[in-house]
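Peer 1: Spelled out, the chains give:
Number of protein chains: 2
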Amino acid sequence: MMLSQSVLDAYAVSAGSAFQFLKTTTVKERAVFMQAVADQIEALGPELLDAAHRETALPLPRLTGEKARTVGQWRAYADAVAKGLYVEARIDTAHKEKAKNDIRKYSIGLGPVLVFGAGNFPFAFSTAGGDTASAIGAGCPVLVKAHPGHPETSRIMAAAITAVVEASGWPPGVFSHIDGDEVAGTGERTGAYLTAHPQVKAVGFTGSYQGGKALLDIAGRREEPIPVFAEMGSINPVFVFPQALEQGAEALAKEYIASLTLGTGQFCTNPGMVIGVKSAALDRFKQTLRTGIRDILPSVMLNEHIYTNFEKRKTLLSEQPEIHIWAESAIPATGGQGRARVVETTAASFLTNPILGEEVFGPFGILIEAGSWDEVAAVAAQLKGQLTVTLVATAADMDAYKMIIERVKDKAGRLLFNGMPTGVEVVYAMQHGGPFPASTDARFTSVGPDAVKRFVRPVAFQNWPEAYLPEELKDENGLQILRIVNGQLTMEDISSGVCI
Amino acid sequence: MMLSQSVLDAYAVSAGSAFQFLKTTTVKERAVFMQAVADQIEALGPELLDAAHRETALPLPRLTGEKARTVGQWRAYADAVAKGLYVEARIDTAHKEKAKNDIRKYSIGLGPVLVFGAGNFPFAFSTAGGDTASAIGAGCPVLVKAHPGHPETSRIMAAAITAVVEASGWPPGVFSHIDGDEVAGTGERTGAYLTAHPQVKAVGFTGSYQGGKALLDIAGRREEPIPVFAEMGSINPVFVFPQALEQGAEALAKEYIASLTLGTGQFCTNPGMVIGVKSAALDRFKQTLRTGIRDILPSVMLNEHIYTNFEKRKTLLSEQPEIHIWAESAIPATGGQGRARVVETTAASFLTNPILGEEVFGPFGILIEAGSWDEVAAVAAQLKGQLTVTLVATAADMDAYKMIIERVKDKAGRLLFNGMPTGVEVVYAMQHGGPFPASTDARFTSVGPDAVKRFVRPVAFQNWPEAYLPEELKDENGLQILRIVNGQLTMEDISSGVCI
Chain L
126 MMLSQSVLDA YAVSAGSAFQ FLKTTTVKER AVFMQAVADQ IEALGPELLD
176 AAHRETALPL PRLTGEKART VGQWRAYADA VAKGLYVEAR IDTAHKEKAK
226 NDIRKYSIGL GPVLVFGAGN FPFAFSTAGG DTASAIGAGC PVLVKAHPGH
276 PETSRIMAAA ITAVVEASGW PPGVFSHIDG DEVAGTGERT GAYLTAHPQV
326 KAVGFTGSYQ GGKALLDIAG RREEPIPVFA EMGSINPVFV FPQALEQGAE
376 ALAKEYIASL TLGTGQFCTN PGMVIGVKSA ALDRFKQTLR TGIRDILPSV
426 MLNEHIYTNF EKRKTLLSEQ PEIHIWAESA IPATGGQGRA RVVETTAASF
476 LTNPILGEEV FGPFGILIEA GSWDEVAAVA AQLKGQLTVT LVATAADMDA
526 YKMIIERVKD KAGRLLFNGM PTGVEVVYAM QHGGPFPAST DARFTSVGPD
576 AVKRFVRPVA FQNWPEAYLP EELKDENGLQ ILRIVNGQLT MEDISSGVCI
Chain A
126 MMLSQSVLDA YAVSAGSAFQ FLKTTTVKER AVFMQAVADQ IEALGPELLD
176 AAHRETALPL PRLTGEKART VGQWRAYADA VAKGLYVEAR IDTAHKEKAK
226 NDIRKYSIGL GPVLVFGAGN FPFAFSTAGG DTASAIGAGC PVLVKAHPGH
276 PETSRIMAAA ITAVVEASGW PPGVFSHIDG DEVAGTGERT GAYLTAHPQV
326 KAVGFTGSYQ GGKALLDIAG RREEPIPVFA EMGSINPVFV FPQALEQGAE
376 ALAKEYIASL TLGTGQFCTN PGMVIGVKSA ALDRFKQTLR TGIRDILPSV
426 MLNEHIYTNF EKRKTLLSEQ PEIHIWAESA IPATGGQGRA RVVETTAASF
476 LTNPILGEEV FGPFGILIEA GSWDEVAAVA AQLKGQLTVT LVATAADMDA
526 YKMIIERVKD KAGRLLFNGM PTGVEVVYAM QHGGPFPAST DARFTSVGPD
576 AVKRFVRPVA FQNWPEAYLP EELKDENGLQ ILRIVNGQLT MEDISSGVCI
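Chains as they are written, first to last, in this note's numbering: chain L, 126 to 625; chain A, 126 to 625.
If you are wondering where the hints come from, they were derived from the structure by calculation, not from laboratory data.
For identical chains, the list gives no copy identity; a pair is met inside one copy or between any two copies.
Restricting the straight-line Cα-Cα distance to at most 27 Å, the calculated cross-link-like pairs of lysine-lysine (BS3-like) are: (1) Lys599 <-> Lys148; (2) Lys527 <-> Lys148; (3) Lys527 <-> Lys509; (4) Lys534 <-> Lys148; (5) Lys192 <-> Lys225; (6) Lys379 <-> Lys411; (7) Lys153 <-> Lys527; (8) Lys599 <-> Lys527.
Construct all of the structure, not just a fragment, from the sequences and the given hints.
Peer 2: In structure tokens, the structure reads:
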């Protein structure tokens, strides 16, 4: 669908004007709004699940879980916002020994945020997903560029948010749903056009490297560069260490296959790579992998584009001369169904052919057999930034391979000790983001309440009269938020003075 | 001075290897190191002040104050680092109702940080300045590109830090002093070369727009883009409102001149612009400005380059056809001494000639007389991002011009109610940074302990064995830092369990 430039400009201007309103809301008011969005989504009937199932081919149980997760995200972020964690209030009162002036700082939204929904999470990382919740929590209006893979799902979610905007009496520009891919008459993509729009002050994106990098470049070429947080996926290496492998090669291989093929491998935390050193135990692991993968039921991928791309990339990697063996699901697949495959190569090959380190989005894994731990260290050093790195290890392995473990810390946002990386919990301690190219800025996360931080900026008020300060910075702390007052974290009312 | 590529590469590699060490230090160990640097600088004798005075022409009392400020910065940042404020520890223990896994997150350094010293603060924002202290506090090795305006000062400061590195038994790559502007045989600048170096993971810069923007562009073109925090100055507009002006136009004009000419106007928070509406009181303000500026003693600027640039920019702005009057210091100046000047124009002119809104680094101010408050609002809307905006106002003015005040909030990092913006206190509540082009990323500050945040990234550990967790995340909280445990901020030892 095409949209005219003037329609897009109107959305952007409306968001800019809504920002003037949002700036004046308190953390509590935004938290109430966010809880109302959670209620609204929770109350959505089967039409939501049906539309998503029809548009993404994701099974209903998975979608039911994702809906609950989405509701949970709005509630968890709302709680964190209400506590004042992301306004980061700091008060330094004037006193003889230290500050000369009364200075108080808190964070406001950056301005309108452009959100790109992800195709693989139609609820949790799309129209009403984590980026939208983070931006609203930060005090930013949101312009959602609807994902073309699930337009009806996106419209239902957009309507849920719009209903809360209306019921709250908030200006309509707080949330806009941009349902169209191209700017009429220009051939330009709506997403690119809006990323370059002066009213837009930040971008949240989940998707491919190509997509995220293109937005980052557009944002950097603006007269006023703006922050882009793009989560661009990764291959999520799994390092298997000798003692752990010795204790259960077959069980580990089965656990790996289950994670690799979960949801037809369509997760950004899909473990697309295993690295180990040649041994009898690794042979058993490989054997179980080769036979186990044959039994994996092919399933329909998110859309034609994802499926075609999966087949193309899978074939490209498999056809590299360094791939000496591969195994795949033996169960016949019909059109659009991804068949899981694992391929094997050596560390020496991996180190010389960069194609072998590229992500294949879908149920595809590469096993890298190293001849020595030095080779494993070289593979670790060559790895690009990752969302996750998993260590399959025992305590003895951790002691023996300390240096390798220290080095992989530099490569990822989340480090798992055993287990598998699929499953990204929405908790404070979650880090979903990592060194480039896993994300565009390793300093932030797109999952967990801390995701709000991406969209705020601090503003300091110097000698500002109490009456004109935002609620968050007034002496009495009526909102009961956490603040740092003269260096001490406190929730105290300081209207009768501060102990220094 | 020229440096060879191999020397620069060696510095970068040494920093990269020191990062592996720094990553393993605790917040307490880094805080101890930082306090030792503070001690070392404090103990420096007159040779430091003499060198700086000779190289920058800054008066000794000012340098004495700046030295104390620099020591204070190291101590304040060390305190904040020791409290764990910037590791932002979050622990979510596995429990039936909420998290499925035990996930713990804290922040580590980004890696080696390249710091560019500023010419106007040879101590506080240069070799041993705020960026270096922030980076070390974050756990990042530092490569300082010495400012060519004060090489000897820079060497003395570098030696002080190096002495602490040695005394602590830390690897030498923790701190490197790059004293040379050009890469031998290439014509390339050392700063540009190192910004593009794969070992460098972030940049801290204080200086001109041209300099900061060039680094931002280099960093964005890297295969792995890295964050650049550049503080690039601004014109720091002062809005004068009617009732405040009525109550003391003459006193305000004098206060303004004092701030404008302090330190020969060589502050990034220098108030280079005043905006008011035509009135008898504004006429009195202007009259005092014109006569007051005549008595300002010219003083030697930081260096020949700064002086020449000041004269050139001052003349360019004064010669714009829209400048109908200007006044300057009537006291004869000798070579290298900047003579303070103020020029006057109308809001209509300001809105049409963008040159009038450009920064002139030095004692130069532009007064903009608006015909109406609508014109003031238009000027406010057209302003680029600023470090500060000052409102000279009474409570009645704040009520009457609420809309304008709301709009200027979007333009600055620090908002002053009366007073003048020069003087940037090193406190938690300080915000020094603002929307582009005041800085490259409005989400961060380069003054106050929060400056550390620029150089850290979170890493999450999932189901990690207690013994292998960093001290900051171990159950017992032996470092006694603030942590969010299952959503609650606490300093508790959780080794005997957590209440949910």
